[in-house]
Amino acid sequence: MAPFEMYHKARGLRWPVVEGKETLWRYREGYDPYVKEGEGVAFYGYPDKKAIILAVPYEPPAESPDKEYDLWLSTGRVLEHWHTGTMTRRVP
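Every letter in the sequence shown is one number past the one before it in my numbering, and letter 21, counting from 1, is 21.
What the hints contain is simulated information worked out from the structure, not anything from laboratory work. Among the hints, erroneous ones may be present.
[To be verified] Result set (DSSO-like, lysine-lysine): computed pairs, CA atoms no more than 30 Å apart in a straight line:
| id | residue 1 | residue 2 |
| --- | --- | --- |
| 1 | Lys36 | Lys49 |
| 2 | Lys36 | Lys21 |
| 3 | Lys50 | Lys36 |
| 4 | Lys21 | Lys9 |
| 5 | Lys21 | Lys49 |
[Unchecked claim] Ranges between beta-carbon positions, derived for each pair:
| id | residue 1 | residue 2 | range |
| --- | --- | --- | --- |
| 6 | Gly12 | Lys67 | 37 to 43 Å |
| 7 | Tyr27 | Glu5 | 24 to 30 Å |
| 8 | Pro16 | Ala51 | 18 to 24 Å |
| 9 | Val18 | Val56 | 24 to 30 Å |
| 10 | Gly30 | Ala51 | 20 to 26 Å |
| 11 | Lys50 | Tyr7 | 28 to 34 Å |
| 12 | Phe4 | Arg77 | 17 to 23 Å |
| 13 | Thr75 | Ala42 | 29 to 35 Å |
| 14 | Val18 | Thr75 | 27 to 33 Å |
| 15 | Asp70 | Pro33 | 45 to 51 Å |
| 16 | Ile52 | Leu24 | 19 to 25 Å |
| 17 | Asp48 | Glu68 | 50 to 56 Å |
| 18 | Glu68 | Glu19 | 44 to 50 Å |
Predicted model only: the values in this text are computed from it and were never measured. All C-beta atoms in this analysis are idealised placements derived from N, C-alpha and C, irrespective of residue type, glycine included.
Given the sequences, and given the hints that come with them, work out the whole structure.
Listed below in structure tokens is the structure:
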């Protein structure tokens with residue numbers, strides 16, 4: 001893996017960076033260094049093709065609205081969206 005500082009120096013690298021090369025397509029044979037030859041697309045982690053799901057403890061936000069700053073700032077970006085947005089894109 002690339003050192004953490006490398007991600008700050010060169011903006012826009014696609015993770016993971018292995019041996020100085022960014023990964024163009026995750027989970028795809030020939031592009032992702034962690035996908036074994038002959039697997040094609042390796043998205044799910046278990047041999048029976050079931051997903052690895054991790055349950056992590058809830059961590060509250062670093063700051064919450066209060067009397068002095070009563071609004072949330074939202075950049076409008078979506079971190080992860082697993083469908084086209086038809087179900088939730090317009091929900092406030």
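Hint check:
| no. | hint | result |
| --- | --- | --- |
| 1 | Lys36 with Lys49 | 15 Å, holds |
| 2 | Lys36 with Lys21 | 17 Å, holds |
| 3 | Lys50 with Lys36 | 17 Å, holds |
| 4 | Lys21 with Lys9 | 14 Å, holds |
| 5 | Lys21 with Lys49 | 28 Å, holds |
| 6 | Gly12 with Lys67: 37 to 43 Å | 39 Å, holds |
| 7 | Tyr27 with Glu5: 24 to 30 Å | 26 Å, holds |
| 8 | Pro16 with Ala51: 18 to 24 Å | 19 Å, holds |
| 9 | Val18 with Val56: 24 to 30 Å | 25 Å, holds |
| 10 | Gly30 with Ala51: 20 to 26 Å | 22 Å, holds |
| 11 | Lys50 with Tyr7: 28 to 34 Å | 31 Å, holds |
| 12 | Phe4 with Arg77: 17 to 23 Å | 22 Å, holds |
| 13 | Thr75 with Ala42: 29 to 35 Å | 32 Å, holds |
| 14 | Val18 with Thr75: 27 to 33 Å | 29 Å, holds |
| 15 | Asp70 with Pro33: 45 to 51 Å | 47 Å, holds |
| 16 | Ile52 with Leu24: 19 to 25 Å | 23 Å, holds |
| 17 | Asp48 with Glu68: 50 to 56 Å | 53 Å, holds |
| 18 | Glu68 with Glu19: 44 to 50 Å | 48 Å, holds |
This entry satisfies every hint, going by the numbered hints stated previously.
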